[in-house]
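Number of protein chains: 2
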Amino acid sequence: MEPDRVLVRYGEIGLKSPGIRRHFENLLLKHIKVFLARKEIPYSKIIRERGRFFIPTSQPQKVAETASRVFGIVSSSPVWTVSANLEKIVALAGSLTPQLLCDGQKFAVRARRLKIHKFSSPEVATQVGAKIIEAANTTNQLVHVDLDNPDVEIHVEVRQKSAFIFTQIIKGPGGLPYGSQGVVLGLHSGGLDSPVAEWLMMKRGAKVIPLYFDAAAPVEKQFVDRAIKSAEILAEWMPEQNIELRIIPFYEILRRLQMPKYRKLTCILCKRMMYRIGAMVAAQEKARALVTGETLGQVASQTLTNLAILDSVVTVPIFRPLIGMDKTETMTLARRIGTYQVTSQDVGECFAVPSQPSIATTLADVHEAESQLPIEEMVLIAINNIKRVAVA
Amino acid sequence: MEPDRVLVRYGEIGLKSPGIRRHFENLLLKHIKVFLARKEIPYSKIIRERGRFFIPTSQPQKVAETASRVFGIVSSSPVWTVSANLEKIVALAGSLTPQLLCDGQKFAVRARRLKIHKFSSPEVATQVGAKIIEAANTTNQLVHVDLDNPDVEIHVEVRQKSAFIFTQIIKGPGGLPYGSQGVVLGLHSGGLDSPVAEWLMMKRGAKVIPLYFDAAAPVEKQFVDRAIKSAEILAEWMPEQNIELRIIPFYEILRRLQMPKYRKLTCILCKRMMYRIGAMVAAQEKARALVTGETLGQVASQTLTNLAILDSVVTVPIFRPLIGMDKTETMTLARRIGTYQVTSQDVGECFAVPSQPSIATTLADVHEAESQLPIEEMVLIAINNIKRVAVA
Numbered sequence: 001m002e003p004d005r006v007l008v009r010y011g012e013i014g015l016k017s018p019g020i021r022r023h024f025e026n027l028l029l030k031h032i033k034v035f036l037a038r039k040e041i042p043y044s045k046i047i048r049e050r051g052r053f054f055i056p057t058s059q060p061q062k063v064a065e066t067a068s069r070v071f072g073i074v075s076s077s078p079v080w081t082v083s084a085n086l087e088k089i090v091a092l093a094g095s096l097t098p099q100l101l102c103d104g105q106k107f108a109v110r111a112r113r114l115k116i117h118k119f120s121s122p123e124v125a126t127q128v129g130a131k132i133i134e135a136a137n138t139t140n141q142l143v144h145v146d147l148d149n150p151d152v153e154i155h156v157e158v159r160q161k162s163a164f165i166f167t168q169i170i171k172g173p174g175g176l177p178y179g180s181q182g183v184v185l186g187l188h189s190g191g192l193d194s195p196v197a198e199w200l201m202m203k204r205g206a207k208v209i210p211l212y213f214d215a216a217a218p219v220e221k222q223f224v225d226r227a228i229k230s231a232e233i234l235a236e237w238m239p240e241q242n243i244e245l246r247i248i249p250f251y252e253i254l255r256r257l258q259m260p261k262y263r264k265l266t267c268i269l270c271k272r273m274m275y276r277i278g279a280m281v282a283a284q285e286k287a288r289a290l291v292t293g294e295t296l297g298q299v300a301s302q303t304l305t306n307l308a309i310l311d312s313v314v315t316v317p318i319f320r321p322l323i324g325m326d327k328t329e330t331m332t333l334a335r336r337i338g339t340y341q342v343t344s345q346d347v348g349e350c351f352a353v354p355s356q357p358s359i360a361t362t363l364a365d366v367h368e369a370e371s372q373l374p375i376e377e378m379v380l381i382a383i384n385n386i387k388r389v390a391v392a
Numbered sequence: 001m002e003p004d005r006v007l008v009r010y011g012e013i014g015l016k017s018p019g020i021r022r023h024f025e026n027l028l029l030k031h032i033k034v035f036l037a038r039k040e041i042p043y044s045k046i047i048r049e050r051g052r053f054f055i056p057t058s059q060p061q062k063v064a065e066t067a068s069r070v071f072g073i074v075s076s077s078p079v080w081t082v083s084a085n086l087e088k089i090v091a092l093a094g095s096l097t098p099q100l101l102c103d104g105q106k107f108a109v110r111a112r113r114l115k116i117h118k119f120s121s122p123e124v125a126t127q128v129g130a131k132i133i134e135a136a137n138t139t140n141q142l143v144h145v146d147l148d149n150p151d152v153e154i155h156v157e158v159r160q161k162s163a164f165i166f167t168q169i170i171k172g173p174g175g176l177p178y179g180s181q182g183v184v185l186g187l188h189s190g191g192l193d194s195p196v197a198e199w200l201m202m203k204r205g206a207k208v209i210p211l212y213f214d215a216a217a218p219v220e221k222q223f224v225d226r227a228i229k230s231a232e233i234l235a236e237w238m239p240e241q242n243i244e245l246r247i248i249p250f251y252e253i254l255r256r257l258q259m260p261k262y263r264k265l266t267c268i269l270c271k272r273m274m275y276r277i278g279a280m281v282a283a284q285e286k287a288r289a290l291v292t293g294e295t296l297g298q299v300a301s302q303t304l305t306n307l308a309i310l311d312s313v314v315t316v317p318i319f320r321p322l323i324g325m326d327k328t329e330t331m332t333l334a335r336r337i338g339t340y341q342v343t344s345q346d347v348g349e350c351f352a353v354p355s356q357p358s359i360a361t362t363l364a365d366v367h368e369a370e371s372q373l374p375i376e377e378m379v380l381i382a383i384n385n386i387k388r389v390a391v392a
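Heads up: the sequence lines are chains V and U, in that order.
Here our numbering is used: the first residue of the first sequence is 1, the next is one more, and so on.
Here our numbering is used: the first residue of the second sequence is 1, the next is one more, and so on.
No lab work stands behind these hints: they were computed from the structure.
One should not assume that every hint holds.
No copy is singled out in the list; a pair is fine if it fits within one copy or between any two copies.
With a Cα cut of at most 27 Å, we get these calculated DSSO-like pairs of lysine-lysine [what the hints assert, rightly or not]:
hint, residue 1, residue 2
1, K327, K171
2, K118, K171
3, K16, K327
4, K264, K16
5, K161, K264
6, K286, K264
7, K327, K30
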């Protein structure tokens, strides 16, 4: 007997004011539906209850996994449903025993119930546990209770009219509904960090438009390929249609920024150019902030001095969700998001990186270097040559 | 028999260039010594090896716990030392058995060795495991191997001349040595979020100067008390002497910002004032960025629109390490840091919060409101009245 429905939980959203909560719940419902439709998973309807949704379905595992990809969702579980009657709950647990436990396994029953019921949570746990041992015995299986270190946790949740039995809790990303907080522009490098930074802003309810600067020589397609692939993986988390990666042709610009006299400054000049162009694209797209994958002290361009020199070139806010994270923490997140495999590929280094990039230059030096070039014209040409590649 | 020394590991720092690595290692050594001295824990010396330190000591548990509070340290372990000889390793494991394992426990031996040795890691694990079972038997204890789900993991690490046995790995914060990346100013509210944000920047190598705005009515000491207590807990992570919380008297300023005609804007006007004053204090202290605990979409003042209006008031970079985090993630970090208990205390709400704070105002409206007040004069008065309270 398969679970008959999926229980979907959302957390922080439940704390908002009633009007906002209703609005956010509607967004969550819409996003779950978009994802289920995208994967063509059958379900009959979505039932709304305070703090949770129920989705009756013949494919509970797929529905639960899909719902757990929606920003705002805390977790989901395929559940077996029975009426909120202790005898019936115990009977269901007994009949489920062969599929919940194998011979020799240790289990724990975790019970919760609304206080309206006459029986207590410990009573539910005790009776269900006893029934499971008995049911296992009838098929000559030996299972035993271990509350501290069980192989399987069997959850029983008793609500007003119905009770639910489940063993699996699939973690969702949490956060706020995608797009509920407005639009930001992601400086999407294709490397490990920026997709993680973009995903974290998506998690907090931002719609992210990814922008890639194609600085590779025209023959080196592996850079842009990696950026497209990682944008495609991010797009799987976006409950939208027709998602496009914006691409700025950047090779000629970067060659001009490689000025022999200011060779140590190339990286910071390059980044300032990306910020400038990013701010213009953000204005076009009504995005209210730039998102970058920068981390303090990770590489030469990410010193306090250099980050300040970068910030000063634009007025739009720069969000750096990784600023306080270690590489290992970013890698863990990248694995969770699904971008790790693609973005940890070594595709070679940028041709323009100097042998000794400056870690502590001054704004005056940077301005002097920039005064040698027609910066505004270069920005405008870049914006006018922007390309779009569909990633979903 | 107690472990005779502590093994201390650092990670990311090992990847830096030799010059920077040496500099960072020296900082780590210095910071470990400061913390050990602060707690008056005896040790004879710190031995430096590639990627790790060894600290011979009669108080291994205290030394390991203390070293694991140093930014840059990945983990530490109290270890038993023996020469890198398989027979001697096995003998030591045998004699340690009574203190490593209790009757009935499952264990796993995890062995690593440098390739210079003739024996392999699986040989080490097998022989050590067999010896432990035998040693337990001689005192009528029954222990058995369970590689997948052990109660105790017994690690054996064989280096060039010495080998180490340990069971405990105490996690450190990771990151970069405190202060190695320069100075930032923390807008320290005393609530849950800002100390976590400050700690994350400390973890990435920033020295943080905390600044508190005392906006409570003169009789309401609980606000400033909470801010001081949380700054004291942060200061325990700082390998410095004479750490002071800066306090700006802010009550009169906030009362003036409560303009009836612009009542909905009070929170954003208040925050802009804090940013302005923060930027001035940062300049005085040579701090290169402001750190705030803001998270996208958490409260009314943290919408994209409002964050942009905040950013535009200063030129110094704003670092928001929590921008992509959920409240539950921040709470988990606060527990780890030690600030949770103090900062989750409800000390009452700010008197100036309007019933309907604006979530989407315009910069023009904000400028109009600010034009009613002598902003620069108010900032100067605030700066001149700054106080300092010792927190370490």
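May I ask which of the numbered hints given earlier this structure violates, with the numbers listed in increasing order? As far as the earlier hints go, 2 and 5 are violated by this structure, in ascending order.
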